[in-house]
Amino acid sequence: MEDKEKISIVDLNQAQNLIQWCPGCGDFGILAAIKKAIVILQIDPKDVVIVSGIGCSSKLPHYIKTYSIETLHGRTLPVATAIKLANKNLHVIVVGGDGDGYGIGMGHFIHAMRRNVNITYIVLNNGVYALTKGQASPTTKKGEKTSSTPNGTVEEPINPLALSILNGATFVARGYSGDLISLSDIISKAIVHEGFSHIDVLQLCPSYQSKKIMENITSSTEKMPNLAFEYIENKNLALAKVLDENKKMEIGIFYKVKKENLYDPFLNLNPRIFDNIEHIDLSKVKKYFK
Amino acid sequence: MDISIKLSGPAGSGVFTLGALVSKLFIKVGYNTVCTFDYPSLIKGGHNVCCVRISSETINSEKKEHDILIAFDKLALTQDYSSVKPFGHLFFDKNIDFSNDKHKINKIDFTQIKENPRMTNSFVFGIIGNFLITDNIILENTLLNYFKSKDKKIQEENIIFLRKGLEFSRSNNFNYNEKIKYISKNKDKLFMTGNDACCLGAIKAGVKFVAGYPMTPASTFLTFMAEVSNEYNIVVKQTEDEIAAINMVIGASFAGLRSMTATSGGGFALMTEAMGFAAMSENPIVVFESQRSGPSTGLPTYTEQGDLNFVLNCSQGDFPLVVISPGDLNECFYESFNAFNIADLVQTPVIVLLDKHISGSYFSIDDFDEKNLNIDRGKLLKEVLNYKEFKRYEFTTDGASNRTIPGMKNGIYISSSYEHDETGFTTEDPIVHKKMMDKRFSKLSLIDENRILPKIYGPKDSKLTLVGWGSSKGAIIDAINELNKNGFNVNYMHFVYLNPMPKEKIKKMLDSCSDLMIIEGNMSGQFRDLLHKNTKVWIENSYFRYDGRPFFYEDIVQKVKEHLQRNKN
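So the sequence lines, in the order shown, correspond to chains A and B. Just so you know, we're using this note's numbering here: the first sequence kicks off at 1 and counts up by one. Just so you know, we're using this note's numbering here: the second sequence kicks off at 291 and counts up by one.
Calculated from the structure, these hints are not laboratory results. Here the structure is a predicted model, which means the values were calculated and not measured. Heads up, the beta-carbon is just placed ideally off N, CA and C, and yes, glycines get one too. Keep in mind that a hint or two might mislead.
Pairwise CB distance ranges, derived in the manner of DEER restraints [what the hints assert, rightly or not]:
hint, chain 1, residue 1, chain 2, residue 2, range
1, A, Leu-237, B, Asn-599, 20 to 30 Å
2, A, Leu-237, B, Leu-675, 49 to 59 Å
3, A, Gln-20, B, Leu-671, 44 to 54 Å
4, B, Asn-692, A, Asn-13, 17 to 27 Å
5, A, Lys-145, B, Ser-832, 54 to 64 Å
6, A, Asn-13, B, Met-813, 54 to 64 Å
7, A, Asn-276, B, Asn-692, 13 to 23 Å
8, B, Thr-513, A, Lys-145, 47 to 57 Å
So here's chain B without its partners, still in its complex pose (with noise of 0.2 Å):
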């Protein structure tokens, strides 16, 4: 069973509400489920469309044609009816004037709701609820459960609510082809974006120190973060602005914490300066990137994978950097944990880059599986043991020298923005400059390669394999899986660690593949760019997508099967 459903109406009339209550309904059955949000930059009005996907398999993106349509407004029935399938079902309210032959009309008597207009998400969720399943119980549960933070009063005229649209829905016969059924009964998964799977693995990392300014789609790294503060003994703090939230952070980690901020690209160009100092002084911080559609203000909350260059060049100088890019929740937490031990190992600045899609869509996932998370501070000192005068930057074969924090015994040092000698002080002389370049750069070779080497999803030998990064990996993943069924042999190269990059072996992984074709979601094709860069290797087939909208399996397979045939002539 794969079916996906689309509310969609004008900002304000809980169109997110009630596809999360949708969501969460069928993971407690135990589905799986994709919530996709897309709302333009306002609070009301407008146009917010919210996409539930639901499986019985493991799935990875929404879908482009969907089975049910539920319309607030008539400018929401007008623009996404289009969307649903032929003998699809449409719900609106009926005193809008609409028909169509192609679809299923059911019409919504909001009557009963004029007075209550709150509790329109818990009457239509009674209506959509019955329509789809035929258990009442798991649908008051669901609804008592989203609402369990509330006053008891306001949980009850919810479900009264909620049990007039179950009637109004029988009496009406409004039935789905076929209803529901379950495969389990209350299971127990996970229900969040890509920002609080992020957040979680911060947190697991020992986080200590958060400062941020509000930017879609990095608000809600803030936001979660101040709720949590408490539980966690974690200073969160919202700043004057970009410049002071990184700055912060590097104050923050100079003093022995592990810190980190999040913003987007226009929030980023703020904190160039200071990327270039926390690789000079040495000091370890991790930045959550959530890269949205531009250039400049662009398309706020919109998606695009834009930013690379930009990141991958974000400084004055040359100076290690490591740039990671989750592709989907269970990435996002593992490797926001692993950011912070290899920016402690690397002792450089760590990004994590994102996206709007990936930040901003919802996901269920099983728990996560936190047995081998272990924390590693590199060559944090608990203490300095010898009297002699401390080398804050001592030349060691790695490259990485001991750390002190202010407060301990005999590390006295000065953490330096200025290029200096072993002790910390600043210095111009030609030979320490080279050899302190040198010293820095080497520390990336500290992160194992084969930690960092892309992985291949799909058969091992085939006719082509799709490269992609961070979160076009959902909908390419999705689209080999159909492309696979159907016979076609497609596998696909998926690209978390972006720099550094293990260049060699990278080379012969993309030297044994038949045929390339690079997805990603931006006009220049950066990625491209940096994979001939480090590779030589050059990938002309591409599909490059930079209309402020993620990927569609069904528009990828589509790609595939034109490249295929062309081949074939």
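Only chain A is shown next, with the shape it has when bound in the complex (with noise of 0.2 Å):
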């Protein structure tokens, strides 16, 4: 049994790599508070294991010392879920874009819910699909042009956190990059939280969102009044919430239920990574064929 140091962020910074996103993207603020989330529960880093997707976002990996895996694109919550049920003493944060998650992963997304896998999901979520150069995502707002979609798009954006409250996420929360408090609150007490969490985060991309839109977050994510860091266990009420027109930017915990983890059968066993598999006896199977 080592001596128990005290985790600092010094033990999470990956020293010698240039952090390759823009002056002023949102990314910055989000590592950030992941890496102070991780400060604040004391977790050892060896622990943490952070799945990303592909995109601007997913280049988190490179920038915290913590085991990662840098998946395919829109695929990373299935590939988290099965590292959770390899080894539940792990602490899976995984991190992706709107692009990403919500695009191509939309159905991972909605099926991951369901199972309620005690992993933390954060979107970085800034409306648009940058490191392909600007084309159109689904929470883009309808009419907005981009690259991809010069006459305005057409579709209606999705609304994200409706959609994991009515599929069994059990943690649901605005955030927003620029406020390190309140995230690094946020995401801490998502880890904490036993089950699937969901962590949209509200940030800037300076190099392809127009200056308007910048304008709009930054004067208007304000925190939920009366709610700021408490939460809705009626399912009703937080949907009423998040499907409000008036306040999308409001950040916060809008949905934490405690529900039973039925997804791991074995939870209460040592994870499986500990299991002896020489001599595996097979006579109990082949009975099946006598």
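Quick one: dock chain against chain with the hints and give me the complex.
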């Protein structure tokens, strides 16, 4: 048993890697909030797995010293789910963009939440596909002009928090990349929460979002009045809140309930990675064929 | 003794249950059996066929012509009676208006079971049982064993109808040409499909994570592993689609578990991007692909060997891939076990390529010898001893680097789908990229070449060598046995490991043959092309089958005779 040294932010630094995000990118704030949350909770970095997709946001593993896996575009949630099932002692944090998670990854998003696996899903939502240079995403506002929709997008943007409240997520929150204190608090509560946590983080893309939108975000992100860091247990009330057209930029925890985790049938046993697989006895199963 | 019994009727009439009962009866008295199951893609109605071949010799495939037909409706009778030999027996409902002077007709009066249609199988089993063998006790034991998981009342009811069938058979003097004698009493062979044998191999190999999406003919992987999941503490999950399945398998592997999925061509098509991901991130996985007739949705319940090209070239870019195609139940068991060791050794995906014929046919087999099966997890570390920055993708002499799993102290790294340097960080450096490409590929050399050469069955020096792979083995072996019994001199070169291939050694083997004929179940000769690509040897003589049906040894015998005759002239 080694000395329990206090974990500091220095332990999480990947010193040699120059961060390749644009100056002013919201990803910096989210990275800082994730690091802060890990330090607040004093989690050993070796027990954290960051699962990222493809996109600017998904470069995050390079800038934090924990185990990570950089997966395929839209496929973070199946990978993360399996990692948690393999070793429930790990803290699994999923990061990806709005295109990665709500576009190509939408199918996995819905089904992952139904399972209520104990992982934390942080979506870095800037309303645009930045790494491929500015195409529309599922959260792009209707009518907005982007490189792939020069006449303005015609589809309705999705409402990610409404989807997660409806489909089985048991911790649903919205954050803002520019507010380190509230975001790191939300993230640490999400990590502690035993169940599927979904945090949609509004952020700026200084390269591909229009100035107008940037002004909108900075001026309207407001903490939910009277509900900052408290949460609703009633699904209908929480849903009504996220569907409110006038309060699209409120940050805080909208919904939090405690639900049984049935997805891992052996949750009370040691993680399977410690099972001995030498000399497995097949006689128990051969009886099916006699 | 070598007879074949065909049972056919609409789905839901118990064709397969009866086939299984007859198979198990004969296994009990010491015979070998091959039981194939032919069915269209639906749940009720249509025309299901079960062929049971029983022999005192070792047999590896079904027969084309049958000695006995049991037809459950008029459609079955009219479709299948012509496949019965002259003087063979036909069994059918007496109310069906049918006559034929080539065959012996045995009419069954189903009035007794009109009130109890669920007892049809036991009733007919009693009729057939008495027809073929003299021992009622063994018939009853077989039936009880088959229904051992059912309620006692149900077991008793089935026995009553079994006896009614026996009595009916006796009073109508149903008798086979000679009653079949036992070879031995209560032989304890196993009776299972290729999928079952693969599952046993995987369980023995310590698989702990199975994710899958139902798809014929691979669905029984999912359902069987789910059935035994509690027993062996295996996570078995049905996912929302095949893309989720393969990505879960990769996640579980990254976290340290041996993991697998199983699918068919169409499902594998959805997994292709992830195959490259597993190879690039060097996470070992095993994928069972059971081919069916294609292309596209194709014939979901019929067989073909048409996905070879597809699996060999399944993802963008060059990366190491192992493809193994077992040809019989023993190979299914042992090579599935080996697949997991190889995956850990080479740290890359391994595909076990099956097809509906081997996945869904039942064979009797002696118990597997589990003595020399050793788990080898390759370079998976138990702990990291030095405190420098861990290099997951370190350049080594053999290409394989040490592996850590999340939770291990001092083992932090990034597992990446991007090109990366030794620590896992993304890089676009030209020198590193080339070096990493070479590193990944060089891992294939870790596999001992001598272990993956094809095997020759039959006489060493022969006039003609048949070349084949995967499940064609059964029919080809039966064919060469038949041919060699009749004075021909033919052998068979059987390939199980399709990639990598020890090119020089195989070229030598092919060049040393007097004459070659390639036999495979696809239209374009995909394995013939692969051999040519790897060894420059082109096999001109060919027998391809791509009608959704497996090879019959009788047809192979015919083709070989024709070829040898042509050569003479």
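Hint-by-hint comparison with the structure:
no. : hint                               : result
1   : A:Leu-237 to B:Asn-599: 20 to 30 Å : violated, 57 Å
2   : A:Leu-237 to B:Leu-675: 49 to 59 Å : holds, 55 Å
3   : A:Gln-20 to B:Leu-671: 44 to 54 Å  : violated, 31 Å
4   : B:Asn-692 to A:Asn-13: 17 to 27 Å  : holds, 24 Å
5   : A:Lys-145 to B:Ser-832: 54 to 64 Å : holds, 60 Å
6   : A:Asn-13 to B:Met-813: 54 to 64 Å  : holds, 59 Å
7   : A:Asn-276 to B:Asn-692: 13 to 23 Å : holds, 21 Å
8   : B:Thr-513 to A:Lys-145: 47 to 57 Å : holds, 51 Å
Checked against the numbered hints given earlier, this structure breaks hints 1 and 3; the rest are met.
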